[in-house]
Each structure stands twice: as structure tokens, then as C-alpha cells.
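The primary structure of each chain is shown beneath.
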Amino acid sequence: MNAAPASAGEQAVAAAVLRSDRFRLEREGDWVRIEAIITAMEKGRVQRLSDDDVLALPVLYRNLLSSLSIARESSLDAGLIAYLESLTLRAYFLVYGTRTTFGAWCRSFFGGGLSRAVRAIWVDLLIALAFMVVGALVGYALVAADQDWFSRLVPTQFADVRVPGASREALESTLFGEARSDGLEVFAAYLFSNNAQVAILAFALGFALGVPTVLLLIYNMASLGAMLWVFASRGLTLEFVGWLSIHGTTELLAILLAGAAGLHVGRALGFPGARSHMAALSGAGRTAAQVMAGVIVMLICAGLLEGFARQLVQSTTLRYAIGYGVLTAWLLYFFALRPRRS
Amino acid sequence: MARKGEIGRTHGVDPKLARVLVTPEGVALDVAVASAGARIGALFIDLTALFGLFLGFVLSIVLLVEAYRRTGLPGVSDGFTNFLVVLFIIGLFLARNAYFLYFELGDRAATWGKRALRIRVASRDGGRLTADAVIARNLIRDIEMFLPLMFMTSGGIQGTLGNFGAWAGTIWVGVFLLFPLFNRDRLRCGDLIAGTWVVEAPRAALGEVVANGKTTPSMLDRASNLAEDRYRFSDAELAVYGEYELQMLERVLRTAKPDAMVTVAATIATKIGWSAPDGDDQPFLEAYYTQLRARLERGMRFGKRRADKHS
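From first to last, the protein sequence lines are chains A and B. Heads up, the first sequence is in my numbering, so the first residue is 1 and it goes up one at a time. Heads up, the second sequence is in my numbering, so the first residue is 1 and it goes up one at a time.
Next comes chain A alone, as it looks inside the complex (with noise of 0.2 angstroms):
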């Protein structure tokens, strides 16, 4: 390059006595200009680069590795080597950067990238699925059995007219009951309530091998067993179902995708496989956090349903239809999406 390469230049390099000072002024232009380069870059000034210069990003970085490894088994020059440092350093930060922008980024994500996340789990979602199975079916179970139960299972604060042994009427009055608050509250309450909770901290807790994460999922679907047992115990199982589809079909699926992110990182920690603990751990962790990316937009969605769509529809019927066609879109979305891109 050095578009002139004046005999200033020429001279310059004629004059120094060290062999190792002219191989710097020999490529002394072209760390100049990878220099300006990757300070435009860094600025954000992508745009102004010239075509040539950004083509030739690639080959500057690969002379420039070969300058830093000439210089450092021929100079002695600490500050041209520490200056050569520095600048593969910055070059390579930038020639294996990130390569999308956030709005490419949320495109790509939404548009496929989510739902690949989602299906590369399916073993930790089978998993989980069971454990929630399991847990629903224990705590109908156990109430069934005995109703001292449903007060170990079901947080007291919850429980309010809904115990064992309430009347048809009252239960009925919680699942078609005039809204009390109105939407705001219900979803300002809704988002840092019990379950959003239950979902992060299914994720988070997946770190301890995925223990924690599976009591979890089984103790709160225990406490969903016990309170359908006292619905069902008064023929109110189909109301029920229908007044918790509403907002609980993406609820129910948002803990379940929690859970089994928990889970994968978990499975990672305690079955690494042929790789090292940590490569496993940020393999599997990247996958699992897509997947919390998208837990927490569907947390907004349920929060909006049980703030909004709950208090408005009243009929079994119409909140089954909403639910379960909410729940199909979820998993048309996450199983059947898969565009061409990979």
C-alpha cells in the first residue's frame, strides 16, 4: 500500500542500522492503516470506510499476525511489539466479533431462531413434561387421599375460600366472580407473582444437576393437583380447566420450558460427555438461554391473558377456544416453524 512510497520513506529505511527496524518501516504502512481501520470500526464508522479498505480488512489481519510473530522472535523493540499486540488484539476482536446487530439479531431469533432452541431441548421437555405429570397427579392423589394434604401443598395466601370441603357455590363465585381489580393490577401482580417466579428460578436452579428444578416442577404442580381435586370434588372440573386454561396453557408451557432449560444446563454439568465441564456448561447454556429469552416473552403474554382476557370472558367454552388455540400457536410456532435457514 503506502500510496506514496516516497523516498522519504525508502530512505528511512535505507538509514536504519537494525535489520530488525527496517522490517518495522517496511510494514510500518500497513499497521497505519489497519490501525485506522479498526479505529473507525470501533467508533461505529463503518460507513465511511471505502469498499477497498474493508475488503482488505482479512488479508491486513493475516500480515499483521505474521508481522507480530516475525517481530516477536526477531525484535527487540518492546514498544513496537507491545504496540503490535495491542493492535491483533483489537484487529482480532473485530475480524471475530459479533457479526449480527441487535435488530438482525431479534429477526433471526424470532423468526426461527427460538424455535430451534426449543426443538434442540426436546429430551430435557419430555423430562420435564413428566415430572409435571407426575407432580399434577401426586398432589390429586394425596388430597384425594387425605385432605390434610392440601393445606402442606398449597400456599396458605392462595388458598382462600378454595379449601377442601367448600361449597359448590363459593368455588364457582372464584371462576366467574366480577373482576375485583382491574387488568393493571392483575398483570403488575401477575408479573412478579408466584409462577414467574417458579419459572426463573427453575432455570436458575437447573446449576445444582437439575435437582432442585425437578422438586420444583413436582411441588408446584402438586399444589395444581390439590387444587383440582377440590374443584373436581364438586363437579367443577371442567370450569376449572377452562378458567385456568385461559392464561395457564402458556403459563403451564412457559414453566415447562424453564424447567427444562434447567434441566439441559443441569445435564450438561453432570453428563459432559467427551467435552470439558465448562465447554459443556456454555454449550449448553447458550442453547438454554434462548429458550429463557423466549419463557420470558411468553411470561408477558400469560400476564397480559390473566390481566386482561380472563376478566373479560366468562364463558367455559370461549376460554377453552382461547386457551387451547393460544397453546396451538405456541407449539405450532416452536415444532412446526422451520424455515429454510439454518
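Hint data in this document are derived by calculation from the structure and do not stem from the laboratory. Remember, it's a predicted structure, so these values are computed and weren't measured experimentally.
Examples of chain B residues lying across from chain A (beta carbon under 10 angstroms, computed):
#	residue
1	E144
2	E208
3	R254
Think of the CB as a built atom: it goes at the ideal place given N, C-alpha and C, for glycine as much as any other residue.
Let chain A serve as the given structure and place chain B on it in line with the hints.
Only chain B this time, still in chain A's reference frame:
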């Protein structure tokens, strides 16, 4: 830019935090893991920035509402207001994450706080820093810090925060905040999961060629009656020093402080049995530096290196 006096491969880096990163081309590069202090400082700046952005946003909304009220247009229904507040809550959550993601996905892979402290995110295995990794490390930050704090605050406001909840939340946040102190690479849980680490963003200026054969004009003027090559050292006179002393000499020449040069010139002259180059210290030092470096580099080409004067 680094000061020109700061030379040497790992000069000024805590040896406990110095690491080697191997690029996909197989070249080993020196990196320095960001210290815990820098991480905390960056976090603090980011939180302040986020809070400032939040205040600015709320303030502009308040002004907007006030302006709307003054126009005397019909008021909006409660339902609509609620809906807007819900959007606001969701927006807050997303904006916090968007701040970290937007900046860490950029070319500098650093938020404002990290930029201010000259650190950045990088992939631990030397490969490409992927968007997935950045997402992962920031999502975990939510779980480590923001969500427990939010749960605790909202629990506190609603009066449902029990003693147990408060303690559990505090311990939770504390454990995750202190986590980086208990591993060598200062990894946060999010870094562990994402396979990233936070390193110092390098920057150094290219100094001039030391002793480029052109001594400063004033010196030449004053000593114009002296020969160009008045300082010729014999091999035995050059053999007293090694690479470490050469680099110290380089630093003295780069910083070019007159009194330091006088001292160093006198030391070298005594060591090799010359008389001190009275008033002509820089040309003396430059000549000695050039010839010593030529000798050591010649040895280097034949695979002989000499670390310092004792070896």
C-alpha cells in the same frame, strides 16, 4: 493512548490476571482479564446510565401528558391508560435488556460503563463472540440481580415480603455479585454459562523508532565537530547487558528525561570502564542501545537469547 513509556509485553498487568488467548489462526495473544474493581465500576456506571435514561424517559412522558392536558382534547378512558401503563412495564423490562444487548453486540462489545473502564466482552475459547453468547450472559444477569431485586421491591410494596423472602433474596443477590471473586478468570455466572469473559480492551500507540540514526538537531549543532560514529563499543563492552537492561534503556530513551539519561549514561560508562559522556548523553545512549540491540538480535536469530545481565 498508552503513554510511550509503557512498554514491554505485559508491563503493568497483574500477573494473576494475565492470560493467553489463542486465535483461530494459532497465534497466541496476551490478554488481561478485567479486574473485579473494573467490573464493579462498569456495572455502577451502567446502572447510573440506565437510571438516567429511565428518568429522562419518565420525564418526557410526564411532559407529554401535561402538554396533552393543556390542549383540552377529550380525556382518554381508564382502560386505555391502564393499557399504556402495561406497555410501560413491559417496555422497562425490555429496555434494560436491550441496553446491554445493543452495546455488547456492537463492534466494541462493551456498554458505556465497560467503555469508560476500557474493558470488553470476549469469547473465552478464542473463537468468534456469538450473539447467542451475549444474550446468554445478559439474560443470566437478570436472574442474578434484576429479577430478585424486583421481586423483593414489589414484595416489599405489597407487604408480602416475609423475613425469609428478604433474607433469601439478599443472599441470592450477594452470592451472585461475589461470584467473580471466587474464580481465577473473574467470571460472573452469566460468563460461565455463555462461555465469555471480560478482558481489558487493548490500546497502545506506535512509538518512534528508537535511535533512528537522527539525533536531535540541537545535539548535533552543539557537537557538530564530533564524528558520526564516535561511539563504537567492543563486543566485550556490549556483553555486560541482556534483554531486560535493553528494554529499560529503551524506556529511558522513549521518555527522554534529561536527568534520567545522565544517570543511566554514567552508570553504563562506569560499568564498561568508559568516562561519562559529559553533556552528550543521548547520542551515547542511542549508540549503545543500537549496538546492544544489534548484538542481542543477532544472537536471537541463532536461537541464543539472554534475559538479563545475570544470565
